[in-house]
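Relying on the hints, combine the two individually framed chains into one complex.
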Amino acid sequence: MVIILTLAMLYDHYSYSPTLKSTLAGLASVAAGLLLAMGIRLGLRLPRSSWRYVVAALTFVAVAVLRLPLIAVLAAMTPLAVACAWREMKAAP
Amino acid sequence: VNGALLLTLAWRFALYSLMAVGGVNALVPEIHRQVVELDGWMSNAEFSSLFAIAQAAPGPNMLFVTLIGWKVAGLPGALVATTGMCLPSSLLTYTVVRLRDRYSQSQARRAIERGLAPVTIGLTLGSGWLLLNAANAHVSGWLLSAATVPLALRRGINPLWLLAAGALIGWLAGF
Numbered sequence: 008m009v010i011i012l013t014l015a016m017l018y019d020h021y022s023y024s025p026t027l028k029s030t031l032a033g034l035a036s037v038a039a040g041l042l043l044a045m046g047i048r049l050g051l052r053l054p055r056s057s058w059r060y061v062v063a064a065l066t067f068v069a070v071a072v073l074r075l076p077l078i079a080v081l082a083a084m085t086p087l088a089v090a091c092a093w094r095e096m097k098a099a100p
Numbered sequence: 005v006n007g008a009l010l011l012t013l014a015w016r017f018a019l020y021s022l023m024a025v026g027g028v029n030a031l032v033p034e035i036h037r038q039v040v041e042l043d044g045w046m047s048n049a050e051f052s053s054l055f056a057i058a059q060a061a062p063g064p065n066m067l068f069v070t071l072i073g074w075k076v077a078g079l080p081g082a083l084v085a086t087t088g089m090c091l092p093s094s095l096l097t098y099t100v101v102r103l104r105d106r107y108s109q110s111q112a113r114r115a116i117e118r119g120l121a122p123v124t125i126g127l128t129l130g131s132g133w134l135l136l137n138a139a140n141a142h143v144s145g146w147l148l149s150a151a152t153v154p155l156a157l158r159r160g161i162n163p164l165w166l167l168a169a170g171a172l173i174g175w176l177a178g179f
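Protein sequence lines correspond, in order, to chains A and B. According to the working numbering, the first sequence holds residues 8 to 100 in order. According to the working numbering, the second sequence holds residues 5 to 179 in order.
Keep in mind the hints are simulated off the structure, nothing from the lab. Positions of the beta carbon are idealized from the N, C-alpha and C atoms, including for glycine. Please note that the accuracy of each hint is not assured.
Computed beta-carbon distance windows for the label pairs [stated by the list, open to error]:
#1 B:Val100 with A:His20: 38 to 48 angstroms
#2 A:His20 with B:Trp45: 11 to 21 angstroms
#3 B:Val143 with A:Asp19: 22 to 32 angstroms
#4 A:Thr13 with B:Leu147: 24 to 34 angstroms
#5 A:Ala82 with B:Trp45: 17 to 27 angstroms
Chain B on its own, in the form it takes in the complex (with noise of 0.2 angstroms):
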């Protein structure tokens, strides 16, 4: 395994994890800048698809990161992305909560929480909309984001069922 590719990859997810405001999802964005459209690290298929497993797995949003370092690096690239993003991220968590205690009443942090909520929006829906360009190659990929978000808006309705349903769809139809 390349060397210098792990560290790149622990580098870029250390920086990553301080920038994910409103977690990983907000990522979305600028991870596939960066291995799709600048390093040809995979194509739009593989990381929409990646991006789909670690949705459909159970665990933590955090699995898209990992299976990101997989598909770069095998298993040396997941645990360095893995462990890239938890660090860096779990310091800086510790320390603004215990600023947060100390400064519990502090105007600075509501207007620090109540400015960053809008922009945590702004985005999540950018991921959304990158998400649906990389995944949809055709109409019929359209067609089914197209339903599933206002089923997804209905309170109720557990997403894995929808998942389930898109793999179904998906392979039925031979997307």
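Chain A on its own, in the form it takes in the complex (with noise of 0.2 angstroms):
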């Protein structure tokens, strides 16, 4: 939290400097390929099995793409998600 918070500080105070704006940009692009690459690796873990391809992928795109809020559409996938668990489960325990 000190750690985060001098760094913070030090971006405010230097975030005009066109040096920390493109080191910072260079880190950027590395930390949002991480985070697919997190994606795509707990992707690769997942049973194969289609409703979990198909709630993934609304959910990804409900996210990312239609830019809907967070609430709504765990509100929508959850359940539906969990029926589709239950079902697998009801018919191979």
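Put into structure tokens, the structure is as follows:
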């Protein structure tokens, strides 16, 4: 917390420096790539089944493309996903 | 410092904390929607820089929330956002863990856990996609992100090295 706030103050102080801006832009590009990779890694670990693909894809589109509020996305997707998981467990316990 | 602004921050992050299925990373699109698109409190570049600083700094991902609060309302904002993010979710986690212990063999619990896993993945991928767009104003940025993904998927490379390399490339290439 102390470290991060020190960083934040330094950032504020030098935020007009073009050097810092380009350094942070490079850092941000990598950080975005890392987050996408994390999503991919989690996705590869998931058991293969069609409802899982559909749920993940719908969630992605709702949040990233349609930019819907998260609370609405969760309210719609959670019951759907849990119902699918429930059915799967009933079919093959 | 504006008291109403601090209250807004506290309330919003308290709400977010209850929606953080799969951690802070899943909240990136929602926070971006609010602070960049609706309120205009910061630019895309500032938003993605703050996320990157939080990733590079030692400590939990939660620090991103601290930085957003700080950017919006200084030190009080940082404290309020962090507290708002921690308090309700730790109460919720406490309750959930107790319930889970009681119903540890219950099928409902397993259905919820299994059902939420793909939702979390959709959210994480959505966060990644959103940050790619926020962070990369030019082709060079996209190329750097694209180079990161396969390296990050390989085992045994500390992401901190990738972040350091990204900062160095950004600095040298004048992104």
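To see whether the hints hold, each was checked on the structure:
| no. | hint | in the structure |
| --- | --- | --- |
| 1 | B:Val100 with A:His20: 38 to 48 angstroms | 42 angstroms, holds |
| 2 | A:His20 with B:Trp45: 11 to 21 angstroms | 19 angstroms, holds |
| 3 | B:Val143 with A:Asp19: 22 to 32 angstroms | 29 angstroms, holds |
| 4 | A:Thr13 with B:Leu147: 24 to 34 angstroms | 32 angstroms, holds |
| 5 | A:Ala82 with B:Trp45: 17 to 27 angstroms | 26 angstroms, holds |
Every hint from the earlier list agrees with this structure, and none is contradicted.
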